[in-house]
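**Student:** Next come the chains, spelled out residue by residue.
2 protein chains.
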Amino acid sequence: MEKPVASDHSNMAIEPHPLDPLSPQEISLVAKLLKNHCPDKSVVFRIITLAEPSKKLMIPFLQAEKTSQPRSPPPRVAFVQYYLDHAKHFHQVEINLKTHEIFGKQALVGKHSYTDAVEMQKSEKACLANPRVQAEIKALDLPEEAVVCVESWTYAPDGIEDMKQRIIMCYLYMRLGTHLDSNHFAYPLDICAELNGDFEVMKVLSLPSADSDRMSECSGNGKKFDRKKIHGTSEYHPDLQTERRTTTKPLLVQQPQGPSFACDGNLLIWEKWRMRIGFNYREGLTIHDVSYDGRDLFYRLSLSEMFVPYGDSRSPYPRKAAFDLGNNGAGVNANNLQLGCDCLGSIKYFDTYHHTLAGDPVKMPNVVCCHEIDDGILWKHTNYRTNNAIVTRSRILVLQTIITVGNYEYIFAFQFTQAAEINYEVRATGILSTNPIDIGDSVPYGTVVAPGVMAPYHQHLFSLRIDPSIDGQQNSLLVEESHPMPINDPAVHNPIGVGYTTTKSIVEQETPLDTDVTKARIFKIINEKALNPITNTPVGYKLVPHYSQMLLADPSSFHAKRSEFTTHALWVTKYEDRDLYSAGEHTMQSLGGDGIASKIASRGQVGVRNEDIVLWHTFGTTHNPRVEDWPVMPVEKMMVTLKPVNFFSRSPAMDVPISKQEVNGSVLVDGCCDGK
Amino acid sequence: MEKPVASDHSNMAIEPHPLDPLSPQEISLVAKLLKNHCPDKSVVFRIITLAEPSKKLMIPFLQAEKTSQPRSPPPRVAFVQYYLDHAKHFHQVEINLKTHEIFGKQALVGKHSYTDAVEMQKSEKACLANPRVQAEIKALDLPEEAVVCVESWTYAPDGIEDMKQRIIMCYLYMRLGTHLDSNHFAYPLDICAELNGDFEVMKVLSLPSADSDRMSECSGNGKKFDRKKIHGTSEYHPDLQTERRTTTKPLLVQQPQGPSFACDGNLLIWEKWRMRIGFNYREGLTIHDVSYDGRDLFYRLSLSEMFVPYGDSRSPYPRKAAFDLGNNGAGVNANNLQLGCDCLGSIKYFDTYHHTLAGDPVKMPNVVCCHEIDDGILWKHTNYRTNNAIVTRSRILVLQTIITVGNYEYIFAFQFTQAAEINYEVRATGILSTNPIDIGDSVPYGTVVAPGVMAPYHQHLFSLRIDPSIDGQQNSLLVEESHPMPINDPAVHNPIGVGYTTTKSIVEQETPLDTDVTKARIFKIINEKALNPITNTPVGYKLVPHYSQMLLADPSSFHAKRSEFTTHALWVTKYEDRDLYSAGEHTMQSLGGDGIASKIASRGQVGVRNEDIVLWHTFGTTHNPRVEDWPVMPVEKMMVTLKPVNFFSRSPAMDVPISKQEVNGSVLVDGCCDGK
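In the order they appear, the protein sequences are chains G and H.
Number 252 in numbering that gives the first Met the number 0 belongs to position 253 of the first sequence; there are no gaps in the numbering.
Number 171 in numbering that gives the first Met the number 0 belongs to position 172 of the second sequence; there are no gaps in the numbering.
Wrong hints could be hidden among the right ones.
Repeated chains share a single entry, so a pair holds when one copy, or any two copies, can fit it.
Claimed, not checked - In silico lysine-lysine, PhoX-like type, Cα no more than 25 Å apart, as pairs:
#1 LYS97 with LYS55
#2 LYS636 with LYS541
#3 LYS573 with LYS528
#4 LYS54 with LYS573
#5 LYS87 with LYS110
#6 LYS598 with LYS121
#7 LYS228 with LYS598
Keep in mind the hints are simulated off the structure, nothing from the lab.
With the rest of the complex left out, here is chain G (with noise of 0.2 Å):
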């Protein structure tokens, strides 16, 4: 689709697409270009990435991309955050980069970037080396092969510490043995430290126990380490695990004739489904201009925020509340995805390009996987007069990335179907967040997980954007009940009390909405100038939910006015440039107030019935860990689905392969032949 143009001064030999994510050139230049801009001052790069092209810009040029009719692409800008001489003095500005021109330029007062690895080793290194520290390691009189770590966490405002400057807290663990993978989350001990935005240690406490509920300064005098909490059955690495069962045979996917997609850069094209990839150290995976068999669907897809507030009311465990996207990335946090380890079949993976505090370019490599997974039965029928049955099996794609954001890992996969349906599934696995726990002790707010490990109860609450496009642009929102019809109402037809009927509702203003399964209630978004031929209705989509409690923090704490995407299951809004972000664009030791809410209140009561609108998707999971989940957590999977509603003419899938053994090969097992 992208054509050669003369390579111009930015050593850009091919021009991009306008959503392709910055290449390494681009980023280079752009580095160049704004330290040449403030020359006597050391310029630190936070963000360096793509400024995607205004809706207005983009929408006549994917149509003109789709008819193949040459168009001249939206200006290329990249967004940039910076710090100038000191992190007190945080900025932003954009940067055409045909033009170099620097614009938007902007002081983030009172604004904090996320955390990155540099600052976690720095402080981890800094709290280690500090005296203080050093001396109350020393007074728990820890084991000879002790190996003392720091997990450094980003500070969720509690109320106690002065919100202006930024706090780094500190919590020390052990790991037991040579090893390096050995599981220190295995050792939470009794201490940890809270540290300034300049690696300073501002103060050592000693962490709660049963029979203290809040945490105290270190006296220098704390109880020694229990060696009765030493014990064998926490470590997950294979060196470290004596039995491994040897019960599971090989299964391997073989695609003699390759995969059935193909790409052109990020443009990626499978069955019916056309779309294109994009990347970001912040969301991660976006997905954008998705269209089946020609018609449009979706604008953009992403993951926008999500949030894990932990149940532990003893201080300082209330700032442990975690914006994973908005704190620190999911894209600079991707796993470099591994073949045959992550997925099975033809793998293609897609690379990224993130930076350095320098501005330099670093490569990414594999941080999305793209391959094809067999799904069961998509459909069958047997006609029982003539005994023949059709069948045929559903092949999804997917679309997969993992993140690693300390001890949890997540991993998130947008799957299409041959039924024209898009699936966003989570995956939660990982290593549980663990605090020091006394023997013998419990507590109302967490599971003991192994001797002296105490794994607290916690949420994780994702909000998954959806900007649709469903036959176009404009869109409105249905909300649709089952109910059943009066029984006693003369003008109504029930005579025995079983006929029900559906309520429909078009949301016309931005509000929250919430599920009600016993209305089997359900969000449709629908086209309303586009009407299906045969049920000569407007044409959707359906949004099938992941039934999900909301967040259990109190309405006015912190952590409810920091995540106001948490308190509704959906969100519709009416589309603006760059509002990406349910909990407000800058999550790090925010107060609250910019979230979802925030903004359709400052908005005032704007119309979304036939126009440009924006589905915000909260759910997520209640998690209450389970001894199974230690010391390494199965997966707990949540799926949320978009799904046609009188959108075709018919069943898109009836076209799908007949499902044949001549194609699909499969193996007999012993003397079972008779249904042959």
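We have chain G already, so just place chain H on it with the hints.
**Tutor:** Leaving out everything else, chain H in the frame of chain G:
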């Protein structure tokens, strides 16, 4: 496991396991014995099946079996239902297969046996042969190439017909052309007929239309078939579909070392699971004596019943309300599964035997398939300090059975995971039941899916019966909810309102229960006498429900009275032998009052704490058809999970093989090798 014994005169070479379905020799023996018992009568065999031994006898036998101590099995008994001379004389007996004793003889007065293929074929033939029906067909003035077909339906009482006699509803359709698999559901005709148990046509009725909201006796001058209804989009058979996509490349599942499971008769061993496969005419697939790593989990898992009521309130449509197990039988309607079509990889099939009305055994091959699937990542963690990623893949054992009940297909699968979880997955597919509608008309309780074809709203409500044995038979049901901690209670330390804890209550007596996602309400089957050594709490398994709308029909309706299980998501009862059917044993034209709610009421306040308990989970879908569900519906999936909660001492999946490219042999798709 089974030991050879001297063959007895029932020609059995091997002594069957007490839970094995009846062998063909046993079926023949039963038929012979009962015919001899009633020499001067004609015996029509409705049911010849295994009478499962009482649990009191089975538990010691199963314990002895697992410890390889020889112990003689409980007496093997057949359960028989039959007509004498005439459908009006319906009886049941039991027959001891060793002693040949016939006992428990009972006349089933006022009860109706389930329907079968013979009855359906006879009623179709009788309907079409009837002169009044022929006259009505003639009056329709159908196209030359029309072939009229009859769909016969069991009768759901609607208060109009006498409940005592058997009624068969015959709905008329036509198919076009000579192809025997052309889709007659695409052409519902305006007439139906009412037959009695002797296949006599009692009434010929014209179906309601938008301007007549009830049926009426046909007058012989019904309106002509509207040829504008003829269309080309409703065929599903490949011979009749022009376009078929060719973009889907083959995907093969290969298991070079064969499957990871092993069978000995109906005993199945896979990974650390051990279970026994059962099958009967009514429930179809049943799973018995399930243990993991030598610890008992479930005594019996089965689908108890399902109910499919339609929401079209116009007579005669309220008569469309199917108990697909009690009225039709999941077992007798099970598909003969085909290698490479219904599943991939190395497949083991299980056969079963049913019988003719004369009592001759009939083999039903491949009614259950057993195979493994790869389910993506099971657990993963990357240690960011060493950058070492450890990944395991999830292998799942699937036991699948597929039933065809007239127009619809149901795919039932029990899935067993390496994390000691059990999933019960239901996929609904097949063809929608259709009613005629005039071109241009619409109704509030149905969707027009093709010209002149209306698919009425309906519900699919399933009842999953779970008979647990969590570390033994004495179990309790714990209801747990997650609630915020109070913020203004001085006795509670929750300074900034982020704390939350769980409430726990143990169910004391038989009762229905409901789901409540807003409280993250979960249902734990626990063994109060077995404490987890790590958590010091009772070991347990939790039910992860499928959130569903319950029955929409009015509580006063026949539908509600006949399907008592459909009003609540969960029922807990005390175990009783033979108490298997949540809508009662005889659902055919039942009038209600013998379902699970009535049983609970009649038994009084029966304790279920530290007792042998049974759980019954009601789940399903309110299916308001989409045009995309036509002509054959892409699967709609529902899933229920049973998950260990503090049952093990750590994750049971820690010893699963590490995922490696050397084993999995995945293939890299063009030029993206940087990550390797």
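**Student:** Now look at each hint and say whether the structure bears it out.
**Tutor:** These are the hints, each one checked on the structure:
1. LYS97 with LYS55: within (20 Å within a copy, 83 Å between copies)
2. LYS636 with LYS541: Classified as both: same-chain Cα gap 21 Å, cross-chain 15 Å, threshold 25 Å.
3. LYS573 with LYS528: within (18 Å within a copy, 57 Å between copies)
4. LYS54 with LYS573: Close inside one copy (13 Å), not across copies (62 Å); limit 25 Å.
5. LYS87 with LYS110: within (9 Å within a copy, 83 Å between copies)
6. LYS598 with LYS121: neither (36 Å within a copy, 68 Å between copies)
7. LYS228 with LYS598: neither (49 Å within a copy, 51 Å between copies)
Checked against the numbered hints listed earlier, the structure breaks hints 6, 7; every other hint is satisfied.
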